[in-house]
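Sequence order for the protein chains is F and C. Those letters in the first sequence? Residues 1 to 429, per the numbering used here, in order. Those letters in the second sequence? Residues 1 to 480, per the numbering used here, in order.
Hints in this document: simulated from the structure, not taken from any laboratory. Incorrect hints may appear among the rest.
[Claimed, not checked] Taking CB as the label site, the calculated pair distances span:
| id | chain 1 | residue 1 | chain 2 | residue 2 | range |
| --- | --- | --- | --- | --- | --- |
| 1 | F | Glu-372 | C | Asp-45 | 25 to 33 Å |
| 2 | F | Thr-203 | C | Thr-373 | 43 to 51 Å |
| 3 | C | Glu-420 | F | Glu-372 | 27 to 35 Å |
| 4 | C | Gly-192 | F | Val-262 | 28 to 36 Å |
| 5 | C | Pro-29 | F | Thr-28 | 18 to 26 Å |
| 6 | F | Asn-219 | C | Glu-421 | 24 to 32 Å |
| 7 | C | Pro-377 | F | Pro-61 | 29 to 37 Å |
| 8 | C | Asp-45 | F | Glu-83 | 38 to 46 Å |
| 9 | F | Ser-358 | C | Ser-120 | 21 to 29 Å |
| 10 | F | Gln-222 | C | Thr-373 | 28 to 36 Å |
| 11 | C | Pro-299 | F | Gln-222 | 52 to 60 Å |
| 12 | F | Pro-275 | C | Arg-369 | 49 to 57 Å |
[Unchecked claim] Simulated pairs of lysine to aspartate or glutamate, DMTMM-like, Cα-Cα distance not exceeding 20 Å:
| id | chain 1 | residue 1 | chain 2 | residue 2 |
| --- | --- | --- | --- | --- |
| 13 | F | Lys-295 | C | Asp-234 |
| 14 | F | Lys-88 | C | Glu-382 |
| 15 | F | Lys-295 | C | Asp-131 |
| 16 | F | Lys-88 | C | Glu-380 |
| 17 | F | Lys-41 | C | Asp-165 |
[Stated by the list, open to error] Here's a subset of chain C near chain F, in silico, CB distances under 7 Å, partners left out:
| id | residue |
| --- | --- |
| 18 | Ser-330 |
| 19 | Ala-351 |
| 20 | Ala-355 |
| 21 | Tyr-387 |
| 22 | Thr-398 |
Using N, Cα and C, we set each Cβ at its ideal position, and we do this for glycine too.
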Amino acid sequence: MKRLLLPLALLAAPLAAQDVNIPHTTFTLPNGLRVIVAEDKSTPIAAVNVWYHVGSGFEQPGRTGFAHLFEHIMFEGSANVPEGDFDKLLEAAGGNNNGSTTQDRTNYYAIVPSNAVDLALWLEADRMGGLLQTMSPTKLDIQRDVVKNERRQSYENRPYGMLQEIAAEALYPKSHPYSWSTIGSMADLTSATLEDVSGFFRTYYVPNNAVLTVAGDVNTAQVRQLVERYFGWIPRGPDVAKPRIQAPQIPATRYITREDRVTLPQVNILWRTSPRFSPDEAAIDALAQILAGGKSSRLYQRLVYTEQNAQMVSAFNWAKLLSGDLFMTVRGKQNVNLNVLERAVMEEIAKIAATPPSAEELQRVVNSIQTEFVGSLETVGGKADQLNSYMYYGGSRGWPRRTLPATGHSPPPTFSGSLGNTLPTRTES
Amino acid sequence: MPLLARRQASRLQRLPLYQPTPAAQPAFPTTAPALGTAPTIQVPDPVRRTLPNGLTVLYVTQRELPVVSATLVTRGGTSDDPASRPGLASFTANMLDEGAGGKSALELANALDLLGASLSTGTGWDAAQVDLYVLRSNLPRALGLMADVVVRPDFPAKEVTRIRDERLTNLARAKDEPTAIAANAYQSLVYGASHPYGRFATAEATRGIDRGQMVNFHRSFYRPGFATLVLAGDVDAEAMHPIVERAFGGWQRGTGGAAAPVATPAPNIGTTTIILVDKPGAAQSEIRIGHPGVARDNPDYFPLLVLNTLLGGSFTSRLNTNLREAHGYSYGARSSFDMRRGAGPFTAQAAVVTAKTDSAVIEFFNELRRIRTEPIPQDELERAKRYVALGLPQRLETTSQVAGQLANLSVYGLDANFFEEYVPRVMAVTPADVRRVANQHIRPDRSVVVVVGDRKTVEAGLRAIGLAPVEVRDVAEFVR
């Protein structure tokens, strides 16, 4: 069905990190906007994907949730785009768009037929250059209500939905910007003002704090010309400092219990781990997978399959700018004692700290992670987002620097070390 | 990963619209750039083969990455559940990879992971489905495991017991989920228990399902003649076909038993009723509004697609614009025609803030009525058509999208020609078509309205709007 293109050379399975490549070009405008262009003509569509290097980790106490509320406002029109037209113009071109906010960054993307790349770039530039000219209290109020409903839908009205917020508060001291949830508190959402909007925009939504990636069926020279024309005039802003705050080490294991109206009890054991692209990130990813990633994992086989006192297990290491969070979740069957489940998790961790996983066990998780990673590159949107992620977290090294877990048969070295100084925090539901 | 997706008057400051740069760039345009000619859309052109046992195999070559998606669909969807055994189809599909071809559940899981392969099994209304995703180099071995799972599941007795217990536990926790309560309540109130689309799995039915029933169900409905296998990705038919033959060639044709699928006529809903299911303390109300809709073979498929897009199938649709962007009642509102072998439901839905439940219901009905009575503005119609038509390549971008879409077409007796005619047929839809299908297939005055929410806050308001009688029902009626 598609024109043949091989941007990814695969020599043999399993993949080695250097085999996964996305050919791309980067350049920087005089105003500091960094641009990545990756041509991929396999489908006649393209992704226009901007990362602003600001997220909830840049917020101040009393204004939690603001980075995400601001993301919503970015879709409500700008200097030359009347309210509502951002989405209408893209839909009329056959495009989809969205945005998302994490602690570290906010991204905006449009996936469009290749003839609408011009439009998508223009829309992106108009809001980067002229968001405030059409700001209004009504826009803020409506999106404030929408975001409050997002909080109700995705957190408050969802079983176990408050875990993220509880975990953030438990893992970080109040002074740390990862100590609140990205959605923010209802009270802080209520407090947000128009002055906050303009201040946030002028501080963070400057070209020198953004990276624009265009991936797909495009011509690099043409994209460069359009980007220079549409974004070149936007004035550079003051430099933006990334938060550098270090959280103190967690001194001792703490147990937090939260009652909720749910049928199944759940124990969540949380650790602080290393930042993105730390030397031990891949090992921790592998550890999470070995313990609770799918049916071949140790905790699935012990708790779900053999002892049958758990309904599900999961583990996920989320490495960010300042640190990582490792979540291990075991959802018990009805009336199962959570102490039993917690003890089982700790026993399995002690085992793996004492005896490295077998070569085959390690190979299983490496292969699974690799397939998932290659799969994330199937879409132009996924490609653009990965390039932006590597630019942000990998710094000047950028792509390719995937720390795929070592494919050799030697065990990852730092399992016990990476867990040693962190703490389990338990929440019961 | 905790990642939030988003989805007028006081001027703060004039920012410069344009600052000349030394390079003498042309000015920043103050109007949106014109769209050039839309690119030629390439659609899958599968190579079609049939095995001697009757299995249809489709190959689509997409060489962008060294991966392959394989999707197999067969009969054995939820519509094939016996009336007395809702959940049998799903339980059977659930069991496929819990021991097959003599390999135990854990041996299968370990073998798949060692290949870096992901395999999942499940059911829709009209088919059972098994999906495989794997790097090309490991496809032959992974395909062998997929064939074991589809053709030779062992249904080990101890695994049946274990999975039954997991399914009972899932049913027990479904009452925690407002969306699960709303889904069961809505389908059972729209269709009733005498219609396949109105039944849902219960603990009692689940306890009554045993190994023998699943073996029989598998024997009846998992047959090569009922099935299609699609491979999309870094494959070509010539090289792959012998490997597929080796994996699936031993699948016996099967005899007797399975009657041809029939679509049960949908019940007629006389008048609109509001059913309030109490969920004390809920932060939001889950709203579902609608009635039986249309079958997949409806000749108005394309007008309905366009109608739904502008009513509630896109971000700028009327429902989302009204409930989210104009009123802020919801994080998002939408609608759908779930087209099945029979007439699946038309549903308009949203989760809305508890305090605005009555206002939200009013706005839903305003939109459902307005689309029937007022002419559709030309620009709105054009936008919906272009969104649907020009968005096609995005829905055929990945190997799993291509495999899934072709497999789905095969369930309804359609093939890749569907994509060939897709764009022209969407673009041919007229305002009169949309009005006609809206009047025919959206019936606000003969609808079921399900509200799952905090009764003490929302009941009085729902009664006061005078839209329809309000009946209060218990969660335990719909999740049990």
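Hint by hint, here is what the structure shows:
1. F/Glu-372 / C/Asp-45: 25 to 33 Å: holds (29 Å)
2. F/Thr-203 / C/Thr-373: 43 to 51 Å: holds (49 Å)
3. C/Glu-420 / F/Glu-372: 27 to 35 Å: For F/Glu-372 against C/Glu-420, whose Cβ atoms are near 33 Å apart, the range 27 to 35 Å holds.
4. C/Gly-192 / F/Val-262: 28 to 36 Å: Holds: the Cβ-Cβ distance is about 31 Å, inside 28 to 36 Å.
5. C/Pro-29 / F/Thr-28: 18 to 26 Å: Hint holds: Cβ distance 23 Å, inside 18 to 26 Å.
6. F/Asn-219 / C/Glu-421: 24 to 32 Å: holds (31 Å)
7. C/Pro-377 / F/Pro-61: 29 to 37 Å: 47 Å Cβ-Cβ, so the 29 to 37 Å window is violated.
8. C/Asp-45 / F/Glu-83: 38 to 46 Å: Hint holds: Cβ distance 43 Å, inside 38 to 46 Å.
9. F/Ser-358 / C/Ser-120: 21 to 29 Å: holds (26 Å)
10. F/Gln-222 / C/Thr-373: 28 to 36 Å: violated (47 Å)
11. C/Pro-299 / F/Gln-222: 52 to 60 Å: violated (43 Å)
12. F/Pro-275 / C/Arg-369: 49 to 57 Å: holds (55 Å)
13. F/Lys-295 / C/Asp-234: violated (27 Å)
14. F/Lys-88 / C/Glu-382: Holds, because 11 Å separates the two Cα atoms, which is no more than 20 Å.
15. F/Lys-295 / C/Asp-131: This hinted pair holds, its Cα atoms lying about 16 Å apart.
16. F/Lys-88 / C/Glu-380: holds (9 Å)
17. F/Lys-41 / C/Asp-165: Distance of about 49 Å is beyond 20 Å: violated.
18. Ser-330: holds (5 Å)
19. Ala-351: holds (5 Å)
20. Ala-355: Status violated, d = 11 Å.
21. Tyr-387: holds (4 Å)
22. Thr-398: holds (4 Å)
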